[in-house]
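So the sequences go chain by chain: A and B. So for the first sequence, my numbering puts the first residue at 1; every next one is plus one. So for the second sequence, my numbering puts the first residue at 1; every next one is plus one.
Think of the hints as simulated: they come from the structure by calculation, not from any bench. Do not rely on the hints blindly, as some may be mistaken.
[Stated by the list, open to error] Here are the in silico distance ranges between beta carbons for each label pair:
#1 Ala21(B) with Gly72(A): 34 to 42 Å
#2 Ser11(B) with Phe155(A): 27 to 35 Å
#3 Val17(B) with Ala506(A): 54 to 62 Å
#4 Val17(B) with Trp228(A): 23 to 31 Å
#5 Tyr166(A) with Arg22(B): 32 to 40 Å
#6 Val17(B) with Arg365(A): 38 to 46 Å
#7 Gly204(A) with Ser11(B): 27 to 35 Å
#8 Leu440(A) with Val17(B): 22 to 30 Å
#9 Arg22(B) with Arg470(A): 50 to 58 Å
#10 Thr8(A) with Ala21(B): 33 to 41 Å
#11 Val15(B) with Val159(A): 20 to 28 Å
#12 Ala21(B) with Ser9(A): 15 to 23 Å
#13 Ser11(B) with Gln544(A): 40 to 48 Å
We put the CB at the ideal spot given by N, CA and C, even for glycine.
In case you want the letters, here they are:
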Amino acid sequence: MTTPERWTSRLGLVLAMAGNAVGLGNFLRFPAQAAQNGGGAFLIPYLISFVLMGIPLMWVEWAIGRHGGRFGHHSAPGMFDRLGRGRGLKYVGVFGLFTSLGVAAYYCYIESWTLAYVWHSLAGTFRETDPGAFYPRYLGQTADSMFALPGEALFFFVVTLVLNAYILSRGVARGIELAAKILMPMLILFAVVLGIRGLSLEVGDPGVVQSPLVGLNFVWEPQLSGLWDPSTWLRAAGQVFFTLSLGMGTIHCYASYVRESEDIALSSSAAGWTNEFVEVVLGGAILIPIATAYLGLEQVQSATAGGSGFSLAFLTLPTLFNNWGWFAPLAGAMWFGLLFFAGITSSLAMGQPILAFLADELGIRRERGAAIFGAAVFGLGFLCVWLYPGGAFDEFDFWTGTFSLVVFALAEAVIFAFVFGIDRGWEEITRGADLEVPRLFRFVLKWVTPAFLVVVFASSLVKPAAGAWREALAGLAAGRGWPFAPDSVVGKILHSGEASTAWWDADGLPTRILVQDATRALLLLVFAGFAALVWLAWRRRGRQK
Amino acid sequence: MTLAAWIMLVSTWAVIVFFTARFLWKVVAPRRRRDGHGKG
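Turn these sequences into a full structure, and let the hints guide you.
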């Protein structure tokens, strides 16, 4: 019998867990969300959500993971099977596989863009080429096509997948832990250097039109009126949820390699707060202040109006770095390098549950499992590449990266509190703890966190257009019906906001609706496929017994 | 930057840096050996 895999150091575990949580959103989404939702006032619901939902749910996931690891399960189906007697529990765990693979499919693609941008920054491409023109060309986007086969993007995608598969094939300690120990300090170092350089810009420096502190003020100036808007609270809760990588099955997996009596309360808190440090302190001090210094506040406000700093990061920042003379290529490489490190430490966490499932439940060796994971991500990710202009990428993002996470998190919070039982759950969280967990959290875990998630889930189902809850409720009371937002679950299913829901246009060509519906069907198939594998694995196990 | 923005920034950064440093320090600091269950 082989020795079970373990983390070799506690710091390595915390860095790997923090690396799992720290992703592109820490640098691209958080500052834009904060700036557009009340500025400094956004941090009030954000920190409340972090304490009442984020940290407790992290404890739940760590506890489920360590408990499952005791029985040799390192992926969600086996872990959930051990939480109670219900035969259906293992199928709840399917979400932990589906989400990991589905998110990896498009996330690794974005990760590969950052790798490509590191290369192009060092090669000086952005000195001659406007990133605004480079970006659509790189993705193969043409004005009237729904399909794209961009050679360079595919090349970097494959390189990224090979890197991921190689690190995963080395195992938990020699692969994931070692990568986290090297990449996380580098990420923080790059972010600190860029933050200091950006915030020290002054009006009068080449190209600087406004003080970067104006940008910092945009992120932090508290607009207290935003606190009365339910959308601000929902967005803050959503941001906390996504930034901690909750509801994905990745935390469970990493925690399953912790020894039975080893602490989880302190390690999880350290990982969670490290993520907050990277997100709030570092993430809020780079993108918007630098962009504001060179573009002025108005342009930055309009570029982040959708609550994302994505376009600023990929389309604008590479040019702005050109004002930094000899440091420009390095600054570009550091910026996209830190995004790449943030990305790969997260995608490794998405790969490990799949490898663990293949190894534990189906007896497939790690090296082979890594290759299967790489191939599966390439297969699904290729659709995101090929059908990017048609909207397949967005479908993956919504159904796996938003909807599925919330469903899984809600299910696990309820199962932990009411099926596994809060008494056993509390014992599991506090066993071996090097941190005194306040008893108040027992109540929070049982009632507040699930209630929080019910609200987040319900609001994602029926979010009204433009997030205007008051107007929507008034309209409903007046008998005008409910205006589902196009990005609510119901709105997505009904294709709200689309002029036509036909699959073919007048010329007999496929429409975006067809791409969207076909992508959804494929994702359902992936979920069903995982469920079938779980059924098969348990059937096989039953026979062996 | 306005005074209100500075107050929000400094107080939030202080809270986050404090807890991050505190927990990370506890993680790397040598641990006392304990038996039995956690403090709960």
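Cross-check of the supplied hints:
no., hint, in the structure
1, Ala21(B) with Gly72(A): 34 to 42 Å, "36 Å, holds"
2, Ser11(B) with Phe155(A): 27 to 35 Å, "47 Å, violated"
3, Val17(B) with Ala506(A): 54 to 62 Å, "60 Å, holds"
4, Val17(B) with Trp228(A): 23 to 31 Å, "30 Å, holds"
5, Tyr166(A) with Arg22(B): 32 to 40 Å, "36 Å, holds"
6, Val17(B) with Arg365(A): 38 to 46 Å, "44 Å, holds"
7, Gly204(A) with Ser11(B): 27 to 35 Å, "31 Å, holds"
8, Leu440(A) with Val17(B): 22 to 30 Å, "24 Å, holds"
9, Arg22(B) with Arg470(A): 50 to 58 Å, "41 Å, violated"
10, Thr8(A) with Ala21(B): 33 to 41 Å, "24 Å, violated"
11, Val15(B) with Val159(A): 20 to 28 Å, "40 Å, violated"
12, Ala21(B) with Ser9(A): 15 to 23 Å, "19 Å, holds"
13, Ser11(B) with Gln544(A): 40 to 48 Å, "58 Å, violated"
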